[in-house]
Amino acid sequence: MIDFQTHPSQYKHWRLEFNTEIANLIMDVSPENGIFDGYELKLNSYDLGVDIELYDALQRIRFEHPEVRAVILKSGKENVFCAGANIRMLAGATHSHKVGFCKFTNETRNSIEQASNDSGIKFLAAITGACAGGGYELALACDHLVLIDDGSSSVSLPEVPLLAVLPGTGGLTRLTDKRKVRRDRADIFCSTEEGLRGEKAVEWRLIDETIPRSKFEDHVQAAAKELATQSDRPTESQGIALSKLSKTAFKDNEAIGFNYSTVTLRVEPKVGTATIQIIGPDTPPPDTAEEIAAQGDQFWPLRAARELDDVLLHLRTNEETIGVIVFESQGDLAQVAAYDDLMETFAENWLVREIVLNWSRVLKRIDLTSRSLVALISPGSCFCGTLAEIVFACDRSYMAEGEFEELAFPEATLQLTNSNFGRHTMSNGISRLETRFLGEPDSLTKARESINTPLDAESSESIGLVSAIFDDIDWEEEIRLFVEGRVSFSADVMTAMEANLRFAGPETMETRIFGRLTAWQNWVFQRPNAVGEAGALQRYGSGQKPQFDNGRV
Amino acid sequence: MENSQVNYDTLIPNNVGLSEDRRVLKALEKWHPGYIDWWKNMGPNGFQESQVYLRTAVGVEKNGWAQFGYVKMPEYRWGVLLAPQVENRTISFGNHKGEAAWQEVPGEYRAILRRLIVIQGDTEPASVEQQRYLGQTAPSLYDMRNLFQVNVEEGRHLWAMVYLLQKYFAADGREEANMLLQRRSGDIDKPRMLGTFNEETPDWLSFFMFTFFTDRDGKMQLESLAQSGFDPLSRTTRFMLMEEAHHMFVGETGVGRVIQRTCEAMNEAGITDPYDIDRIRALGVIDLPTLQKKANLHYSLSLDLFGSEISTNAANAYSAGIKGRYNEEKIDDDHLLHNDSYPVLKMVDGKIVTVQENALTALNMRLRDDYIADASKGVGRWNKIIQKAGVEFELVLPHTAFHREIGEFGNTFCSPEGELISEDTFQERRNDWLPSSDDGAFIQSLMHPVTAPGEYAGWIAPPRIGIDQQPGDFEYVQLDEASA
Numbered sequence: 001m002i003d004f005q006t007h008p009s010q011y012k013h014w015r016l017e018f019n020t021e022i023a024n025l026i027m028d029v030s031p032e033n034g035i036f037d038g039y040e041l042k043l044n045s046y047d048l049g050v051d052i053e054l055y056d057a058l059q060r061i062r063f064e065h066p067e068v069r070a071v072i073l074k075s076g077k078e079n080v081f082c083a084g085a086n087i088r089m090l091a092g093a094t095h096s097h098k099v100g101f102c103k104f105t106n107e108t109r110n111s112i113e114q115a116s117n118d119s120g121i122k123f124l125a126a127i128t129g130a131c132a133g134g135g136y137e138l139a140l141a142c143d144h145l146v147l148i149d150d151g152s153s154s155v156s157l158p159e160v161p162l163l164a165v166l167p168g169t170g171g172l173t174r175l176t177d178k179r180k181v182r183r184d185r186a187d188i189f190c191s192t193e194e195g196l197r198g199e200k201a202v203e204w205r206l207i208d209e210t211i212p213r214s215k216f217e218d219h220v221q222a223a224a225k226e227l228a229t230q231s232d233r234p235t236e237s238q239g240i241a242l243s244k245l246s247k248t249a250f251k252d253n254e255a256i257g258f259n260y261s262t263v264t265l266r267v268e269p270k271v272g273t274a275t276i277q278i279i280g281p282d283t284p285p286p287d288t289a290e291e292i293a294a295q296g297d298q299f300w301p302l303r304a305a306r307e308l309d310d311v312l313l314h315l316r317t318n319e320e321t322i323g324v325i326v327f328e329s330q331g332d333l334a335q336v337a338a339y340d341d342l343m344e345t346f347a348e349n350w351l352v353r354e355i356v357l358n359w360s361r362v363l364k365r366i367d368l369t370s371r372s373l374v375a376l377i378s379p380g381s382c383f384c385g386t387l388a389e390i391v392f393a394c395d396r397s398y399m400a401e402g403e404f405e406e407l408a409f410p411e412a413t414l415q416l417t418n419s420n421f422g423r424h425t426m427s428n429g430i431s432r433l434e435t436r437f438l439g440e441p442d443s444l445t446k447a448r449e450s451i452n453t454p455l456d457a458e459s460s461e462s463i464g465l466v467s468a469i470f471d472d473i474d475w476e477e478e479i480r481l482f483v484e485g486r487v488s489f490s491a492d493v494m495t496a497m498e499a500n501l502r503f504a505g506p507e508t509m510e511t512r513i514f515g516r517l518t519a520w521q522n523w524v525f526q527r528p529n530a531v532g533e534a535g536a537l538q539r540y541g542s543g544q545k546p547q548f549d550n551g552r553v
Numbered sequence: 001m002e003n004s005q006v007n008y009d010t011l012i013p014n015n016v017g018l019s020e021d022r023r024v025l026k027a028l029e030k031w032h033p034g035y036i037d038w039w040k041n042m043g044p045n046g047f048q049e050s051q052v053y054l055r056t057a058v059g060v061e062k063n064g065w066a067q068f069g070y071v072k073m074p075e076y077r078w079g080v081l082l083a084p085q086v087e088n089r090t091i092s093f094g095n096h097k098g099e100a101a102w103q104e105v106p107g108e109y110r111a112i113l114r115r116l117i118v119i120q121g122d123t124e125p126a127s128v129e130q131q132r133y134l135g136q137t138a139p140s141l142y143d144m145r146n147l148f149q150v151n152v153e154e155g156r157h158l159w160a161m162v163y164l165l166q167k168y169f170a171a172d173g174r175e176e177a178n179m180l181l182q183r184r185s186g187d188i189d190k191p192r193m194l195g196t197f198n199e200e201t202p203d204w205l206s207f208f209m210f211t212f213f214t215d216r217d218g219k220m221q222l223e224s225l226a227q228s229g230f231d232p233l234s235r236t237t238r239f240m241l242m243e244e245a246h247h248m249f250v251g252e253t254g255v256g257r258v259i260q261r262t263c264e265a266m267n268e269a270g271i272t273d274p275y276d277i278d279r280i281r282a283l284g285v286i287d288l289p290t291l292q293k294k295a296n297l298h299y300s301l302s303l304d305l306f307g308s309e310i311s312t313n314a315a316n317a318y319s320a321g322i323k324g325r326y327n328e329e330k331i332d333d334d335h336l337l338h339n340d341s342y343p344v345l346k347m348v349d350g351k352i353v354t355v356q357e358n359a360l361t362a363l364n365m366r367l368r369d370d371y372i373a374d375a376s377k378g379v380g381r382w383n384k385i386i387q388k389a390g391v392e393f394e395l396v397l398p399h400t401a402f403h404r405e406i407g408e409f410g411n412t413f414c415s416p417e418g419e420l421i422s423e424d425t426f427q428e429r430r431n432d433w434l435p436s437s438d439d440g441a442f443i444q445s446l447m448h449p450v451t452a453p454g455e456y457a458g459w460i461a462p463p464r465i466g467i468d469q470q471p472g473d474f475e476y477v478q479l480d481e482a483s484a
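The listed protein sequences correspond, in order, to chains A and B.
Position 287 of the first sequence, counted from 1, bears residue number 287 in our numbering, the numbering being contiguous throughout.
Position 217 of the second sequence, counted from 1, bears residue number 217 in our numbering, the numbering being contiguous throughout.
Don't take each hint at face value.
Examples of chain B residues toward chain A, derived with CB under 8 Å [said to hold, decoys possible]:
1) MET179
2) LYS190
3) ASN316
I should point out that these hints are in silico values taken from the structure, not numbers from a laboratory.
Positions of the beta carbon are idealized from the N, C-alpha and C atoms, including for glycine.
Construct all of the structure, not just a fragment, from the sequences and the given hints.
Here is the structure:
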């Protein structure tokens with residue numbers, strides 16, 4: 001089982017160095033410590049294990065080091081920056097692992113950009129040695145790319161000529177959308193195995209500058225300092241430690257799962273579902289920013305977000321055959337609302353900002369989870385504000401109407417807060433409710449008017465916030481029928497249909513990465529020219545030439 | 001054969017019909033002044049006005065291809081010379097086996113070919129740069145001449161690679177050709193591409209060791225490029241190999257003469273223990289244990305030049321028909337290697353073991369093995385000199401895993417005997433195995449120029465025969481006022 005939790009003291013592939021406002025994030029991949037057997041992570045190539053550490057490092061820079069304003073991403077190896085995803089790992093991996101791996105790496109690279117845009121953490125890629133494929137895609141996520149001018153270091157996207165796959169971790173998209181490289185130049189660059197260096201690479205906007213070796217270190221430091229001036233992070237705040245999540249496994253006759261402090265996961269393989277239940281806060285929110293900081297990673301919104309994130313990553317990676325995820329919640333709606341208010345009151349505080357952004361990322365992770373998602377708003381649930389976003393991230397949402405006789409819980413209600421109106425945007429750049437109501441502006445207005453009021457099932461349905469409502473006579477049966485029906489569909493077509501229906505509205509770089517680029521890449525990943533026995537991925541490294549079927553599809 | 005005559009009418013002597021190839025001629029003539037500048041700035045320091053008795057290639061047939069005569073180095077006729085074209089030559093290995101050799105670069109292999117040519121080309125001027133100060137401490141005019149011969153021929157090899165770049169790789173090739181003149185050995189901003197070529201060659205013993213060990217890597221690389229399906233590359237490298245033989249000769253006889261002088265001096269002084277280092281050094285000769293340390297150093301650095309034991313690039317180049325094996329055509333197999341294996345030394349669970357690997361990806365290892373066999377023969381000839389002198393000592397090549405930076409043993413510490421040890425132990429014993437700064441200082445202390453014809457520094461024996469059958473007191477270099 002792959003565990004997404006780690007700690008800098010356990011890193012095998014990265015080093016973090018902190019020097020007040022500048023942090024060095026150093027990639028130094030240990031070849032023999034691949035997450036799976038059968039390949040060596042040579043030349044700073046990466047696999048999921050390497051990326052899990054990167055994800056952890058980014059979280060720690062955000063939460064544990066608010067003093068960091070600029071991060072220098074560099075290599076700990078002499079002649080290579082990063083060679084990208086490990087080819088042998090990709091060649092040996094199942095299709096689903098490849099897809100899942102790419103999704104996670106994409107999310108992590110997006111989070112680098114989010115850190116730059118919203119957290120005031122600027123990234124500089126100090127590129128020494130070969131920077132190829134996923135290595136260059138990682139650099140592309142940074143704000144400023146400095147390439148050493150030593151006559152040999154270069155940036156390249158060799159996937160197409162070398163492997164017959166796409167630079168699928170945002171590479172193609174960031175070239176044209178972020179760095180606005182001309183399409184013909186991007187075409188040349190992506191079909192030239194050895195890439196570009198020197199002034200030409202600058203002129204083509206592939207990098208920002210190229211600096212001779214003798215001046216490189218000094219220049220990188222100066223450029224990082226300059227970047228740091230664009231940051232609005234606090235200078236005198238203490239970070240909070242991110243401790244290991246409390247998580248215990250359980251197993252009974254029907255299910256396996258984990259109990260976290262505020263989340264439980266119950267996987268029922270026979271039914272084909274995983275139920276994630278979020279338990280609301282058991283204490284009222286603190287009054288001041290200082291108290292929030294004092295609670296640190298035990299502060300309920302942060303704790304819940306981290307636990308939920310861990311559950312999602314676990315399900316995606318370790319429970320590949322579970323097709324339906326059921327979201328439930330339990331707790332005091334008013335209490336959740338109070339926390340949401342608090343987050344708004346202290347929105348300017350760096351820690352609160354990070355917690356809100358973390359929720360945004362977790363919610364996006366839900367959007368991008370290729371399982372059928374359903375929210376059950378049952379008596380005693382607490383889908384309010386931020387938690388209600390989960391409901392709007394789901395493909396279906398069912399709400400219980402009225403009180404249920406055999407249950408001691410209060411009638412199910414749903415409540416909106418300001419956080420449902422722009423605080424957490426989807427990949428398309430707008431809120432989930434805005435996306436939901438693209439064709440019903442009135443519903444959006446009604447929803448906004450209902451803010452801070454608990455809505456019963458009937459009101460929720462009338463505004464259009466839920467798919468359907470059932471009373472206690474029908475509830476269990478309707479839910480069972482839905483789940484059984486859903487599980488009986490083809491998993492492939494469910495994934496495809498859901499991905500198409502979830503992201504209405506505007507296109508952004510992110511939607512293009514997760515939509516167009518990923519879809520094409522996943523298509524290529526299935527094709528014999530890439531993965532067939534004589535395909536480029538399989539033949540790579542064997543010295544044998546791949547054989548292509550040159551029929552255009 | 002049309003190509004065997006060298007045309008000396010053009011600025012650039014050649015047997016490739018340059019006068020009819022206006023485009024390439026123009027490109028090369030444009031490159032030429034930059035090359036001469038480079039030679040004057042980065043070639044041998046001093047001696048540019050001296051008359052040096054050099055051989056110049058005048059043909060490409062095996063017999064009588066060179067002509068000897070005095071020439072000032074900047075006026076040397078660096079030419080573009082390809083071995084005669086073999087009619088109906090076919091590709092002898094890889095996926096294109098049996099197809100006609102290419103006279104033009106196949107589009108799909110353009111990048112990989114260019115990279116190979118650039119890497120090969122980069123080593124040629126690099127060694128000239130590394131050796132540029134050695135003329136000033138030459139142990140004799142004979143050795144000085146040999147140094148300059150090696151230097152001008154490395155210069156010609158650069159020309160050979162630049163011709164291929166200019167002729168077959170259009171604008172990219174021109175750019176690379178210019179870059180070859182811009183990089184400098186040991187320069188922090190524009191270093192030469194391979195690490196070893198950025199190290200200093202501080203003294204003559206290092207020069208001999210370098211030409212024996214490191215140029216021999218060059219020889220092996222040329223041997224495998226000589227197999228290339230890209231015919232112009234094959235022909236170019238085949239001719240380069242004829243010149244390269246002299247470089248091997250300079251290295252092997254250079255070290256051999258040092259050994260001989262040491263043994264003679266020991267015998268004259270009645271010293272039998274080769275480890276009686278202080279007394280031996282007092283004789284003004286280099287003790288055999290220090291020679292062993294120098295060999296350890298240069299050998300291990302040269303092994304690194306073969307790259308990783310398991311290499312996808314090598315496999316690709318082979319399958320593409322671009323770079324073959326040493327003596328490819330004499331090897332009795334299918335020349336495809338799809339199903340063959342090759343034994344490779346690897347680190348497995350902290351032990352050095354032999355593992356059977358896919359023969360295609362193990363090509364670097366194979367070439368390295370061929371190199372080791374080739375180098376061992378030379379070491380054997382050195383040992384004959386020691387034996388003949390009656391000294392009890394044997395030079396041995398250290399274990400493959402000793403003092404390595406690249407490949408399977410890059411992160412390990414190993415004794416010359418092949419015993420894995422801790423980093424601490426290695427550092428403790430380092431000066432027993434590799435030249436120390438004291439050793440270097442001692443060797444440096446012997447480096448005084450000897451410029452009278454027929455005389456030799458006390459640490460090196462005279463050669464058995466002269467260059468071009470010249471007598472012992474022949475004036476190989478006529479020093480001008482400025483450099484004398």
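Structure-based check of all given hints:
1. Hint status for MET179(B): holds, given a least beta-carbon distance of 6 Å to chain A, under 8 Å.
2. For LYS190(B), the interface hint holds, the least distance from its beta-carbon to any beta-carbon of chain A being 5 Å, beneath 8 Å.
3. With a cut of 8 Å, the hint placing ASN316(B) at the interface with chain A holds, because the nearest CB-to-CB distance is about 6 Å.
Comparing the model with each numbered hint stated earlier shows that all of them hold.
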